[in-house]
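Trainee: Sequence:
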Amino acid sequence: YFRRLNLVKSRCDFMLSSGKCYFITLTFNEKYYYKKKSTRAEYVKRFFQFTKSLYFYNIDYGTKNNREHYHGLLLSNDKLESLEFLNNWKYGFYHCEPITDINSLRISMYINKIAFHSLKMSNESNRVSYCKKFKEIGV
Numbered sequence: 006y007f008r009r010l011n012l013v014k015s016r017c018d019f020m021l022s023s024g025k026c027y028f029i030t031l032t033f034n035e036k037y038y039y040k041k042k043s044t045r046a047e048y049v050k051r052f053f054q055f056t057k058s059l060y061f062y063n064i065d066y067g068t069k070n071n072r073e074h075y076h077g078l079l080l081s082n083d084k085l086e087s088l089e090f091l092n093n094w095k096y097g098f099y100h101c102e103p104i105t106d107i108n109s110l111r112i113s114m115y116i117n118k119i120a121f122h123s124l125k126m127s128n129e130s131n132r133v134s135y136c137k138k139f140k141e142i143g144v
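Here our numbering is used: the first residue of the sequence shown is 6, the next is one more, and so on.
Nothing false has been slipped in among the hints.
What follows is a set of in silico ranges between Cβ atoms, one per label pair, in the way DEER data are often shown:
1) Asp-18 with Lys-84: 20 to 26 Å
2) Glu-102 with Arg-9: 22 to 28 Å
3) Lys-41 with Glu-102: 28 to 34 Å
4) Phe-98 with Glu-47: 16 to 22 Å
Simulated from the structure, these hints should not be mistaken for laboratory data. Keep in mind the model is a prediction, meaning the values are calculated, not measured. We put the CB at the ideal spot given by N, CA and C, even for glycine.
Could you build the full structure based on these sequences and the hints that come with them?
Mentor: Okay, structure coming up:
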């Protein structure tokens with residue numbers, strides 16, 4: 006548990022200190038929500054892989070309707086308006102917000118949200134999905 010939590014936090018800290026980061030939430034509309042869970046997970050995986058950036062994400066379930074969605078952190082020095090890959094999310098709603106102040110309380114909340122969502126009981130696999138570049142750069 007603590008090893009995984011430390012890994013999430015260290016990778017998040019690396020990303021936050023390396024450039025501009027974005028917090029992304031992805032949801033599914035009705036058309037895609039009723040597809041197999043593995044199919045939805047593959048859509049999310051392809052979306053993040055297409056970014057060609059450092060990223061990690063995890064599954065979460067809403068408190069009101071227990072509806073599946075994903076949270077992720079993405080490293081990109083591009084401006085939000087330039088993040089063309091966002092247009093590739095055709096499966097529902099996305100929200101992408103730049104993280105602007107490394108020392109802010111919101112950053113701590115983002116880090117904790119991603120770290121603890123990955124460890125919640127609702128997350129069957131108890132895993133955060135990372136891009137392979139983290140291992141390549143030794144983080």
